[in-house]
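**Student:** If you read the sequences in order, they're chains A and B.
Going by my numbering, the final residue of the first sequence carries number 188, and the count climbs one at a time with no gaps.
Going by my numbering, the final residue of the second sequence carries number 1472, and the count climbs one at a time with no gaps.
Keep in mind that the hints were calculated from the coordinates and are not lab data.
Positions of the beta carbon are idealized from the N, C-alpha and C atoms, including for glycine.
Hints may contain errors.
Below, simulated SDA-like cross-link-like pairs (lysine to any residue); rule was C-alpha separation at most 20 Å, straight line [unchecked claim]:
id	chain 1	residue 1	chain 2	residue 2
1	A	K89	B	T1277
2	B	K1107	A	S134
3	B	K1200	A	K83
4	B	K1289	B	K1364
5	B	K1295	B	F1362
6	B	K1197	A	W127
7	B	K1363	B	A1248
8	B	K1302	B	K1363
9	B	K1197	A	Q137
10	A	K83	B	W1143
11	B	K1433	B	K1295
12	B	K1027	B	D1287
13	A	K83	B	E1162
14	A	K83	B	K1363
Partner residues aside, some chain B positions facing chain A, computed with beta carbon under 10 Å [said to hold, decoys possible]:
id	residue
15	P1013
16	G1017
17	E1018
18	S1037
19	D1164
20	G1209
21	A1445
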Amino acid sequence: MEAKPIATIAEFHDPDAIVAAARAVHERGYAKFDCYTPYPVHGLDRAMGVQRTILPYISFAGGLTGLASALLLQWWTGGFDYKLNIGGKPFFAIQFSVPVDFELTVLICAFFTLIGLLHLCRLPTWWHPLQDDSSFQRATDDTFVLAIFADDPRYTTSDTQQLLKNVGGANVHVHYASNENTEAVSVG
Amino acid sequence: MHRPDGIHYEREPLVLGEPTLHDITAKIAGIAEEKPSPKYLMALSFTSAIAAWGVGCILYTILTGIGVWGLNNPIGWGWDITNFVFWIGIGHAGTLISAILFLFRQKWRTAINRSAEAMTIFAVICAGLFPLIHVGRIWFAYWLIPYPNQMQMWTNFRSPLEWDVFAVSTYLTVSLIFWFLGMVPDLATLRDVVKNKLAKRLYGFFSLGWSGSMRHWHRYEMAYLILAGLSTPLVLSVHSVVSLDFTAGILPGWHTTIFPPYFVAGAIFSGFAMVMTLLVIAREVLDLKEYITLKHLENMNKIILATGMMVGYAYAMEFFIAQYSGNPYESFVFINRATGDYAWAYWTMVLCNVVSPQVFWFKKLRRNIPLMFIVSILVNIGMWFERFTIIATSLHHDFLPASWGYYTPTWVEVSIFAGTFGIFLTLFLLFAKYIPVIAIAEVKAILPTAQPRHHHGTSAMQHSQVEHTHGS
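Hey, can you work out the whole structure from these sequences and the hints?
**Tutor:** Right, here's the structure in full:
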């Protein structure tokens, strides 16, 4: 079976180098590329041209949902559906609802943040097109990896390879889809 | 540190021995990959035996009824609620270290936040047990949660006890989310490093397919910041709500406005003491001295000293206000605390919580490991007695001398408390062995060479030229 290129991969061993390389790749107009790093490298996201995430809005919506449901829950149960006179206290009042309002706001906001993050990152996905690549596997350890994907309109095997070499990438190589690694849908 | 010329100050490094990125991976993954040593297995079987004994006593309580405890009129809250407040308090240091110190950009937290957060979760699990068994009929514990039911009844949201249900369950859930999210990149690191097939699959499953993609890191850092921002007021609210369980009652000694801040300071105080106790052991046993350095321990001792002083201030202020209020019941309760039947508990508390941390005024003593271990144990004891003193002394002498009494726990209550230590330590031992005990990615990110030196200002062109001459 003929091997089809998936991405061209370069390794870097210095945070400055990968930031510079990512900036250069971005400025060349590539869109379908990514950097894989063992920890978040400051400024790398900006160098890659990553837009600021919409996650805070999702969290905020979660907080509002939590607050609204807490108010509704306490008003409806105590002030409407099941009025129980305890020491003449009001059936519903903003003051005594504050602790539960706060807790539910935080709880639902945290849920939205978690689910929003996972959704935006498309996680969990227990498979990655590059998972068999040895450079890629070291990205969670000590290697900074830049991969330009073959479905980018500007991608050609030779030009992309040359670009990655020019920006200082080591071990620049093309990762091919083989029968094996398209079927190896496994954890890891 | 002073340089010879006396001008330069250099910060003590956060990680000693200048490890490379790979050294850190190898070190932390090594802990998980090594076969468990006989010592570890011995410790684990010891703690799980205690846990099993405690669980047995919980079953005995459930099957027989809480009459097997020493609780009786006038003392309806004894060791159970003391232990609940004690364990909830222990948890607070974890969230403080992971969330509040994160927002204040205290980089030294990275070495200890993972274990402190783990401790939070295990402590809240232990805490949650007590109200559940205290309700007597644990099979009806779900009545605490508002749900539509055939009785057409709802929970009473005017009661602080109901607020507590929400506060504690939110705290546990949000702490779990925060802890798990912080761990995902490290689990991915272990996934890519371990050789054992089963371990690879398990770490792979729980790391959700994390790849280290910078596009993911970008959102991840935002999520972490939001969760830290949520956890910070949350941790302050939880112990405040716990203290409202007391203050909303009209009992002298409970009905005071100082309780919420006083409880929060006490919680952080006791939590740091527990983190200290565990870390002094863990850094020795797991050989993490380069990562959990004397600087970390010294910083924690400073926080113990500060929060200990706050707690001491609260004790004094409580006493003063009790007299100043002119309320005879109020002043009686406090005089009775210091001189009555439970004076031994009160003075144990004062000695452990107020006097013992004073040694940390001296740098030499702040960096003395055996001493800080002893002080941390004393603080743990003292903080347990604080809760016991608050609960028992206010209850045992009611408004009428006819309803005065004295409470001593039975062997069942003592066993259950010991059992929660067994559960806590068993969970902690399992955590320390199989889960990255140090936040790998976070420690890597604070190494001196980890971040770009000049990503502001320098143009891309200059960069790529520099790299060009280096690389190809």
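**Student:** Now tell me if each hint is right for this structure.
**Tutor:** Going through the hints against the structure:
1. Straight-line distance between C-alpha atoms of A:K89 and B:T1277 comes to about 46 Å, which puts the hinted pair past the 20 Å bound.
2. Taking the CA atoms of B:K1107 and A:S134, the gap is near 32 Å; set against the 20 Å cutoff, the hint is violated.
3. The suggested pairing of B:K1200 with A:K83 is violated, with an alpha-carbon distance near 56 Å, which exceeds 20 Å.
4. Proposed proximity of B:K1289 and B:K1364 is supported: the alpha carbons are some 18 Å apart, at most 20 Å.
5. For the proposed pair B:K1295 and B:F1362, the alpha carbon gap of about 14 Å is at most 20 Å, so the pair holds.
6. A distance of roughly 17 Å separates the Cα atoms of B:K1197 and A:W127; the hinted pair therefore holds under the 20 Å criterion.
7. Note on B:K1363 and B:A1248: the hinted pairing is violated, with a Cα-Cα distance of about 42 Å set against a maximum of 20 Å.
8. Note on B:K1302 and B:K1363: the hinted pairing holds, with a Cα-Cα distance of about 10 Å set against a maximum of 20 Å.
9. Proximity of B:K1197 to A:Q137 is assessed by CA-CA distance (about 16 Å); at most 20 Å being required, the pair is judged to hold.
10. Distance check on the hinted pair: A:K83 and B:W1143 sit about 18 Å apart at the alpha-carbon level, within 20 Å; holds.
11. For the proposed pair B:K1433 and B:K1295, the alpha carbon gap of about 24 Å is over 20 Å, so the pair is violated.
12. For the hint pairing B:K1027 with B:D1287, the CA-to-CA distance comes to about 9 Å; that is within 20 Å, so the pair holds.
13. Among the hinted pairs, A:K83 with B:E1162 is consistent with the structure: their alpha-carbon atoms are about 16 Å apart, no more than 20 Å.
14. Only pairs whose Cα atoms come within 20 Å are accepted, and A:K83 paired with B:K1363 is rejected, the gap being roughly 60 Å.
15. Taking 10 Å as the C-beta cut-off, the interface hint given for B:P1013 is violated, the closest approach to chain A being about 17 Å.
16. Hint status for B:G1017: violated, given a least beta-carbon distance of 16 Å to chain A, over 10 Å.
17. Interface hint at B:E1018: violated, since its Cβ lies 14 Å from the closest Cβ of chain A, which is beyond the 10 Å cut-off.
18. Among the interface hints, the one on B:S1037 is violated; its C-beta lies about 25 Å from the nearest C-beta in chain A, farther than the 10 Å criterion.
19. The interface hint given for B:D1164 is met, as the beta carbon of that residue sits about 9 Å from the closest beta carbon of chain A, less than 10 Å.
20. Taking 10 Å as the C-beta cut-off, the interface hint given for B:G1209 holds, the closest approach to chain A being about 4 Å.
21. Look at B:A1445: its Cβ gets to within about 4 Å of chain A, closer than 10 Å, so that hint holds up.
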